[in-house]
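Peer 1: Sequence:
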Amino acid sequence: MSSEHLRVSVEDELDALFAGYPASGQSTGLVYGLVGPDGLGHSRGFGTVDDAGAVPDLDTVFPIASMSKSFVACAALVARDRGLLDLDAPVSDLIPEFPGGGTALDPYDPPTLRMLFSMGGGLTEDNSWVDPFIDAPVDELLVQLGKGLRYSGAPGSGYEYSNLGFTLAGLAVGRAAGTTIEQFVHDEVFVPLGLTSTWFDNAAPEAGTYRRATGYSLDEEGRWTPFPWVASGAFAAAGGIQSSVRDLARWVTWLGEAFRSPGEQSGEAEVLSRASRRELQRLHQLDLPSLTALPTGGHRVTVTGYALGLMVQQDLHRGTLVSHAGGLPGFTLFMCWHPDSGHGVVTLTNSHRGNPVALTKDALMLVLDRADAAARTVTLWPETVELRRHAESLVRVWDDALAAEVFADNVDFDRPLALRRDDIARLVEQVGPLHDPRPLADVTSAVTPADVTWTIPGERGELVCMIHLTPVEPAQIQEFEVQAVGYDRPRSARPTDISARRAGLGHPSLNALPNTRVLLPPT
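The opening residue of the sequence shown carries number 1 in the UniProt record's numbering; numbering runs sequentially from there.
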């Protein structure tokens, strides 16, 4: 099947999937965008986004609500990298009005900016409370601070989503930069990234100069009723940005590029370094793991937490997924992406009756399945490839001089080399004779560039071998494990890595994700 046919087939399936959302009465309109490693690959709108019956497209502007948080957190890292602020300093250094909490016996100091940006500030969750106060002025919010805050836990002790905490962290960034957070994000993020249809709602262009979506809800008689647009006040940092599928696709692409080859960048590294972009998308505050029943049977285990203005999910089969949802009266929105492959989906809807989060995730999973996307990609060190070759040579024909050269001192200390030689000889006898070597054809997994697991086939079974290299120069083998596995054992039950038995001994272990792609180093 040609790649062109595959591409069109996926787009057709996604169009049918998303068309059903407004058709089933979940919203009056929807527009989605399919993002690939090179940017926006496909977009389609369905239903209507205003009373005139306009169909949404990739340039229709929506309020993106809490999806705004990633832009503000990005600006915070820009300020940090320029030396304007310290993310690990208490927020009260910049907002003296911010009170601590706790009790006389267990007082809490004010949280740090990093805690607030990662939803670990200890403040009580406030999603239901915040919407009516979106347009409250900054001065009014600061007066409220003077009355005290409610902490549900010590800052840094756990995940709890707080729009209030994020808002105050955004105000702190503006103060550190000597301007408002809105102006700083505009100047340092929107403009240099070329996001021409993205702005804060309190600084939006004049109505009629761009196509904007109207938000709707159902009244008591089942009719769609429009919501008036409201400009943000103090809470702008938590949810006051408006944007389009075109700009959000560019945003997702730019963030995802930080995890792939530097040669794939689109040229905006001056906004924020690759390392800082990865920091923005790295899990900082862990939430509780979840177990989800699958329609096809079985369960999916996921671990979720908060990065800086973004959610991060660790999926056992797909690896890292980054996302954020947004919701305001009349709007529900979602963006998610798979950094390792560069695939992502953005969905904007103009009703808060439905929830496009599950729909968007299903779409992304479909794309990842069709693209055969790995959970993660590991590129081996050149030394790993070379030492794997030497280790296999030792399995086939033991050489004391070679063993002394390639093994770190701890290998002989952990189990004398003479005993290792005898162990391997017994394993070879159990599965052998061994077949001729096939360089790297039988690699099964790697967790880091410094380790690799591979198989050596024999007449009656195979040897599963693993090496793990030292962290110092020159690189040597610090761990060398060999197991014999009979062919009577189903292939699905054979180990793809052999770290599990070390874990039972209480040793730190490397845990290979299923669906890992192992690459050779560039030549």
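Just to be clear, a hint being listed does not mean it is correct.
With a straight-line cut-off of 25 Å between C-alpha atoms, the simulated SDA-like cross-links for lysine to any residue are [claimed, not checked]:
| no. | residue 1 | residue 2 |
| --- | --- | --- |
| 1 | Lys361 | Thr444 |
| 2 | Lys147 | Glu125 |
| 3 | Lys147 | Gly102 |
| 4 | Lys147 | Arg211 |
| 5 | Lys361 | Asp57 |
| 6 | Lys361 | Val55 |
| 7 | Lys147 | Gly101 |
For the record, the hints were derived by calculation from the structure and aren't laboratory data.
Peer 1: Take the hints in turn and mark each one as holding or not.
Peer 2: Each hint, compared with the structure:
Pair hint lysine 361 plus threonine 444 does not hold up; C-alpha atoms about 29 Å apart against a cutoff of 25 Å. Taken as a hint, the lysine 147 and glutamate 125 pair is honoured in the structure, with Cα atoms around 18 Å apart against an allowance of 25 Å. Annotation: proposed proximity of lysine 147 to glycine 102 holds, straight-line Cα distance about 15 Å (limit 25 Å). A distance of roughly 42 Å separates the Cα atoms of lysine 147 and arginine 211; the hinted pair therefore is violated under the 25 Å criterion.
The straight-line distance between the Cα atoms of lysine 361 and aspartate 57 is roughly 20 Å, inside the 25 Å bound, and the hint therefore holds. A hinted pair counts as satisfied when its Cα atoms are at most 25 Å apart, and lysine 361 with valine 55 qualifies at roughly 23 Å. With a CA separation close to 12 Å, the supplied pair lysine 147 and glycine 101 stays within the 25 Å bound.
Violated hints, listed in ascending order, are 1, 4; each of the other numbered hints is respected by the structure.
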